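Q: Here are the chains, one letter per residue:
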Amino acid sequence: MQKLTNKLKGNKLAQIILLVLYVVVTSLSLYLAQASVTAFLLMLFSLLLLYYTELPVRLKWLIAGVVLIGVIPFVSSTGPGYQSYMEVATVVGIYVAMALGLNIVVGLAGLLDLGFVAFFAIGSYTYGIFATGQAANFMPFGSFPLSGNSFWIFILIGCFAAALFGVLLGIPVLRVKGDYLAIVTLGFGEIIRIVFNNLDKPVNITNGAMGLASVQPPEIFGYQFVYPNQFYYIVLGILLLVILAVRRFEFSKIGRSWKAVRENEIAAQSMGIHLVRTKLLAFAIGASFSGMMGVVFAAKQTFVDPTSFTLLESITILVMVILGGMGSVPGVILGAAVITILNLQVLTEVTNYLNQLSLDGVISFPEALSPAKMQRFIFGAILIVFAIYRPQGLIPAKNPVFDEESLKEGSKKHKKEQIAVEPDKGFQA
Amino acid sequence: MGIKKGLKVLAASALSLGLLAGCNASGGSGGSGGGSGKVIKIATQTPLSGGSATLGESIKLGAQLALEENKKKFEDLGYKLQLQPYDDQGDPKKGVANAQLIGSDKAILGVVGHLNSGVSIPSSEVYEKYKVPMVSPANTATEVTDRGLKTVNRIVARDDFQGPAGADFAINKLGAKKIFVVQDKTAYGTGLADAFKKAAEDAGAEILGYEGITVGEKDFNGVLTQVLSKKPDLVFFGGLYTEGGQLIRQARDKGISIPFMGGDGLDSSTLVEIAGDAVENVYYTSVAADASKTSEGQDFAAKYKEKFNKNVESYSAYGYDSMSVLLKGLEAAIKGSDGDLPAREKVAEEVRKVQDFQGVVTKVGFDDIGDNKFAKVYIYKFSEAKYPGVQEGEISK
Amino acid sequence: MLAEILQSLPQVLVDGLALGAIYAVIALGYTMVYGILELINFAHGEIFMTGAFIGVAMLILMTGMGWLAAMPAILALILVLIVTSVLTGFMGVGIERMAYRPLRNSPKLITLISAIGVSFLLQDLVRFITEYKRGNYILTGPSMFNEQFSIKFSSISSSFSDAFFKTSTLILVVAVIIMMVGLDFFVNKTKWGMAMRAVAQDRETASLMSINVNRVISLTFFIGSALGGATGVLFAVQYGTIDPYIGFILGLKAFTAAVLGGIGNIRGAMAGGLMLGLLEMFAAANLQLLTGGIFGAEYKDVFAFAILIVVLIFKPEGLFGKAVTEKV
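Order-wise, the sequence lines are chains E, C and W.
Using UniProt numbering, the first residue of the first sequence is number 1, and each one after it goes up by one.
Using UniProt numbering, the first residue of the second sequence is number 1, and each one after it goes up by one.
Using UniProt numbering, the first residue of the third sequence is number 1, and each one after it goes up by one.
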């Protein structure tokens with residue numbers, strides 16, 4: 001085994017062959033064995049494998065694109081499990097985008113936000129209210145529900161609405177720091193949920209606890225998006241934009257300011273970083289990702305109600321970021337995928353399996369131990385174990401390391417600055 | 001770099017596992033095709049965890065009992081029945097995700113569920129897409145059937161029937177003139193309390209206050225202080241037994257001895273456990289009949305007790321009847337297609353066609369939007385700390 | 001309107017006092033730990049909850065064995081309180097050892113995350129054990145101290161109405177006062193209390209003064225958790241029914257109370273707890289009246305959190321705390 005891995009290292013051709021082989025094998029097994037969760041998971045695992053190959057970045061993106069757009073939908077499309085896989089993949093996409101948003105706030109800027117799901121709620125309600133008859137209750141003009149064509153504009157509106165709330169929340173909240181911030185954001189998250197739950201009087205805006213039913217599905221040129229496999233592509237598109245944006249931000253001036261603020265506020269300030277503006281930007285950008293996905297969620301679910309936006313949801317997103325690695329984009333993507341799949345598929349499947357066993361009388365299994373109920377236990381354990389043993393997460397964040405020599409040489413080589421990468425030491429210090 | 005290496009090892013092992021998984025699962029599906037005919041699964045989807053797990057569990061067990069009793073009949077038709085329980089956790093998101101799983105599992109031909117209307121509404125949109133018939137044992141919100149979905153049916157009464165029935169009883173039988181309404185700010189509580197309030201106002205009662213409490217709280221003294229100072233003749237509570245029990249108990253501690261009234265959410269043995277002796281003089285309307293009064297009901301309770309070693313809850317029998325109705329539709333569909341596996345649309349059609357089915361607790365006949373024509377509302381009273389309460393009246397449409 | 005508010009005021013005061021007393025003792029636990037470690041011990045609310053479960057389990061067990069009938073109820077309660085507080089005290093020490101001590105030199109964010117993890121873990125453990133034993137995780141204790149009293153405020157002035165309460169409210173308030181006075185004495189007058197204050201001021205200097213910092217931290221956790229656990233028992237006796245999720249929101253509000261009084265300040269936490277309890281009860285009883293029916297009791301949590309946010313923004317050191325300038 002040792003020899004094999006050594007041989008593999010540096011041998012790009014072998015890596016490509018192995019990867020292709022892996023994709024083919026898992027595709028085949030998914031194709032043949034429909035409704036096998038294992039096969040589906042292994043299929044997704046190929047993306048992680050891809051991340052660890054030493055291929056050029058562009059090629060990696062290309063392969064990932066082919067796998068995500070073509071291979072996964074295609075090989076799962078023939079069998080009965082198709083829509084449920086696509087549902088899972090769609091939800092994974094939604095959570096990945098949210099986790100990436102939270103990653104900017106927690107991972108890069110170091111501001112612990114425990115009420116992050118509030119922005120998701122804002123996005124959902126912006127679309128939910130206008131894409132049902134609800135808006136007619138308080139809007140003096142216009143006819144509601146708006147048609148599904150407006151969905152595309154609402155992605156932007158949801159994005160801005162959430163960003164706006166992020167800034168509004170940030171202005172007062174950022175005067176407090178550290179632990180207080182965690183508590184205040186938690187309070188804000190709860191306030192937003194309670195307010196949405198009660199805004200059915202005096203003017204009925206959110207329809208209160210009854211929620212908004214029959215939200216219009218997205219539509220373009222008369223083509224309606226109803227099934228999960230259709231939403232999958234919407235989510236994939238938005239996710240691509242989000243990932244590109246995050247990578248851009250991370251290595252830009254503002255990204256470096258975030259990290260500086262995270263490491264030491266006072267030092268950062270003395271280097272001329274505008275503290276409030278930097279933090280507000282982190283809040284706004286993080287929130288905007290959530291807002292966009294909120295709109296998609298409302299459209300996919302066709303129902304919006306306050307119970308989808310509880311504290312547990314905020315913590316779940318936080319667990320994703322911690323598990324994957326704070327500040328690390330690939331890590332957070334992995335974390336979000338793992339947690340969502342765990343929640344939606346693995347726990348459900350294991351529970352079903354155990355239920356079946358006890359129905360058949362093979363084992364008597366106490367209802368209390370049912371894995372589907374152990375969500376909090378699992379999340380709690382993940383948080384503690386990772387905090388103590390691996391605070392940098394599954395895939396630690398990497399900072400570009402600049403070689404002094406090449407910097408001195410000036411602009412000639414300035415495109416080859418990034419020579420090596422080294423684990424981000426920020427959180428272990 | 002250590003991780004990298006480890007990952008590659010992992011990848012290699014995953015590869016071989018993938019192969020294995022492929023072989024395994026394909027082998028499995030081939031195997032189950034033989035045996036005792038084709039498998040037909042019926043799903044239940046109710047909260048098996050969370051605050052209302054007691055009720056969710058009882059629906060599942062009731063349905064399970066009905067399914068097992070019908071196993072023999074379907075085996076004669078050449079099919080093997082199987083129960084597939086899902087846990088919606090009372091969470092709409094989870095409900096929809098499960099609904100997708102149910103929709104894509106071609107062996108599932110029907111769903112018994114849900115407990116919460118808030119979960120039922122979005123999930124049924126998914127069932128409708130996949131044409132899976134759903135029979136609800138407990139959803140009372142009007143929105144559930146008012147959307148006119150072809151697959152959605154329920155065997156219980158609607159809120160705009162239950163609420164007014166309660167109001168009618170409170171005003172005409174109990175002589176309440178001034179009423180204080182408390183609700184728990186959930187979809188269920190709001191729907192019920194609103195329906196009650198509207199009917200009570202129409203019948204000429206005065207609503208002294210309309211307040212909300214928070215689910216999960218234990219201290220409701222603030223709201224009760226309002227009750228104390230406004231001196232109503234009756235308090236109506238729209239909500240579930242956990243908060244209801246606590247509310248009643250604290251009210252009695254404050255010396256508020258006026259009758260309390262609630263909906264079917266109070267219909268649970270846990271209410272009595274929580275409130276203790278304070279439960280006296282509490283009325284509740286329920287869409288569930290007292291199964292212990294009829295001989296079929298007693299038989300059912302005995303069977304249930306023998307099978308699961310648990311006492312029946314209010315919805316146990318409704319879970320049982322929902323499943324029976326569903327299976328009746330399924331049977332008709334199988335016969336209609338000459339013993340072939342029927343399409344889901346066909347099953348949904350046949351379920352909707354059920355007109356005259358006598359279940360353990362209710363007679364079932366669906367109208368054109370899936371409401372039960374024979375649904376009744378029953379009024380119970382607790383006169384001592386014992387569950388269930390005594391049936392005081394029954395109101396049919 | 002004013003007349004109506006006045007009318008119900010005595011009852012609001014009594015109920016608010018009972019709720020506030022509970023907030024106050026839990027707030028103590030937060031404030032002590034924060035004073036020493038600068039850590040929001042999210043798990044504290046869960047320690048309170050666990051205490052409630054241990055207490056009720058013991059009471060049920062004692063009822064089953066007939067002990068409860070055999071001895072005076074108050075004696076049984078004292079016994080349960082002592083056993084529970086010792087157990088939860090050790091639990092607090094254990095949590096600190098396992099989940100916080102390895103992280104003492106890590107960034108605060110990491111410790112905070114670990115604390116949230118402990119909180120979730122405990123919730124589910126208690127849920128699991130209760131559900132496994134009883135088939136339902138909502139637990140109702142034996143009915144105790146149910147005698148009702150009323151204070152005749154109406155005899156003072158006819159604009160007040162009478163206030164009703166139970167014996168358990170009385171016991172709750174008395175026990176909380178004893179605990180608070182005891183703690184205040186301990187912290188301000190004993191050697192260990194002095195060591196605690198020293199560690200809170202400057203951990204390193206304290207260790208140079210031959211104070212065993214680790215032991216002081218353990219002691220702090222023990223006392224905070226013991227008080228929390230005991231309050232849990234009192235809560236269970238007062239409200240009757242408990243579930244594994246009572247700790248989180250209650251803990252959050254208690255933390256609000258600690259912040260309100262100035263975090264790290266023990267007397268401040270007591271005052272903050274009482275204030276928050278009274279304010280919340282007042283809001284629940286009168287919001288509808290004050291806003292003409294637009295906002296109701298359902299907004300009382302918003303009210304509590306809004307207080308927290310306003311205090312943190314305009315007076316982050318709390319009402320009774322001293323402002324600290326950050327050392328560079």
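Incorrect hints may have been included.
[Stated by the list, open to error] Below, a sample of chain W positions facing chain E; criterion: calculated Cβ distance under 7 Å:
1. A73
2. I110
3. G117
4. P316
5. E317
[Stated by the list, open to error] Straight-line Cα separation of at most 25 Å, SDA-like style, residue types lysine to any residue; simulated pairs:
6. W:K152 - W:N136
7. C:K231 - W:M1
8. W:K315 - E:I171
9. C:K80 - C:S396
10. C:K305 - C:S295
11. C:K386 - C:N281
12. C:K376 - C:S396
13. C:K131 - C:K150
14. C:K230 - W:F153
15. C:K310 - C:Q84
16. C:K150 - E:P366
17. C:K73 - E:Q356
18. C:K310 - E:P366
19. W:K108 - E:I273
20. C:K178 - W:L289
21. C:K231 - W:K152
22. C:K230 - W:L279
23. C:K106 - E:I341
24. C:K131 - E:V226
25. C:K106 - E:P73
26. C:K150 - E:I171
27. C:K197 - W:N136
28. C:K310 - C:S295
29. C:K38 - C:S337
30. C:K310 - W:I294
[Said to hold, decoys possible] Pulled from the structure, derived: some chain E residues nowhere near chain C, Cβ distances all over 10 Å:
31. F160
32. V226
33. L236
34. I238
35. A260
These are computed hints drawn from the structure, not numbers from a lab.
In this text the structure is predicted, and so the values were computed from the model without any measurement.
The C-beta atom is built at its ideal place from N, Cα and C for all residues, glycine as well.
Q: Are the hints correct? Go through all of them and say.
A: So, going through the hints one by one against the coordinates:
{"no.": "1", "hint": "A73", "verdict": "violated (31 Å)"}
{"no.": "2", "hint": "I110", "verdict": "holds (5 Å)"}
{"no.": "3", "hint": "G117", "verdict": "holds (3 Å)"}
{"no.": "4", "hint": "P316", "verdict": "holds (6 Å)"}
{"no.": "5", "hint": "E317", "verdict": "violated (11 Å)"}
{"no.": "6", "hint": "W:K152 - W:N136", "verdict": "violated (41 Å)"}
{"no.": "7", "hint": "C:K231 - W:M1", "verdict": "holds (16 Å)"}
{"no.": "8", "hint": "W:K315 - E:I171", "verdict": "holds (16 Å)"}
{"no.": "9", "hint": "C:K80 - C:S396", "verdict": "violated (38 Å)"}
{"no.": "10", "hint": "C:K305 - C:S295", "verdict": "holds (15 Å)"}
{"no.": "11", "hint": "C:K386 - C:N281", "verdict": "holds (12 Å)"}
{"no.": "12", "hint": "C:K376 - C:S396", "verdict": "holds (5 Å)"}
{"no.": "13", "hint": "C:K131 - C:K150", "verdict": "holds (8 Å)"}
{"no.": "14", "hint": "C:K230 - W:F153", "verdict": "holds (17 Å)"}
{"no.": "15", "hint": "C:K310 - C:Q84", "verdict": "holds (21 Å)"}
{"no.": "16", "hint": "C:K150 - E:P366", "verdict": "violated (37 Å)"}
{"no.": "17", "hint": "C:K73 - E:Q356", "verdict": "holds (21 Å)"}
{"no.": "18", "hint": "C:K310 - E:P366", "verdict": "holds (14 Å)"}
{"no.": "19", "hint": "W:K108 - E:I273", "verdict": "holds (22 Å)"}
{"no.": "20", "hint": "C:K178 - W:L289", "verdict": "holds (18 Å)"}
{"no.": "21", "hint": "C:K231 - W:K152", "verdict": "holds (18 Å)"}
{"no.": "22", "hint": "C:K230 - W:L279", "verdict": "holds (21 Å)"}
{"no.": "23", "hint": "C:K106 - E:I341", "verdict": "holds (22 Å)"}
{"no.": "24", "hint": "C:K131 - E:V226", "verdict": "holds (14 Å)"}
{"no.": "25", "hint": "C:K106 - E:P73", "verdict": "holds (19 Å)"}
{"no.": "26", "hint": "C:K150 - E:I171", "verdict": "violated (50 Å)"}
{"no.": "27", "hint": "C:K197 - W:N136", "verdict": "violated (33 Å)"}
{"no.": "28", "hint": "C:K310 - C:S295", "verdict": "holds (19 Å)"}
{"no.": "29", "hint": "C:K38 - C:S337", "verdict": "holds (15 Å)"}
{"no.": "30", "hint": "C:K310 - W:I294", "verdict": "violated (45 Å)"}
{"no.": "31", "hint": "F160", "verdict": "holds (25 Å)"}
{"no.": "32", "hint": "V226", "verdict": "violated (7 Å)"}
{"no.": "33", "hint": "L236", "verdict": "holds (18 Å)"}
{"no.": "34", "hint": "I238", "verdict": "holds (19 Å)"}
{"no.": "35", "hint": "A260", "verdict": "holds (28 Å)"}
In the structure shown, a violation is registered for the earlier hints numbered 1, 5, 6, 9, 16, 26, 27, 30 and 32, in ascending order.
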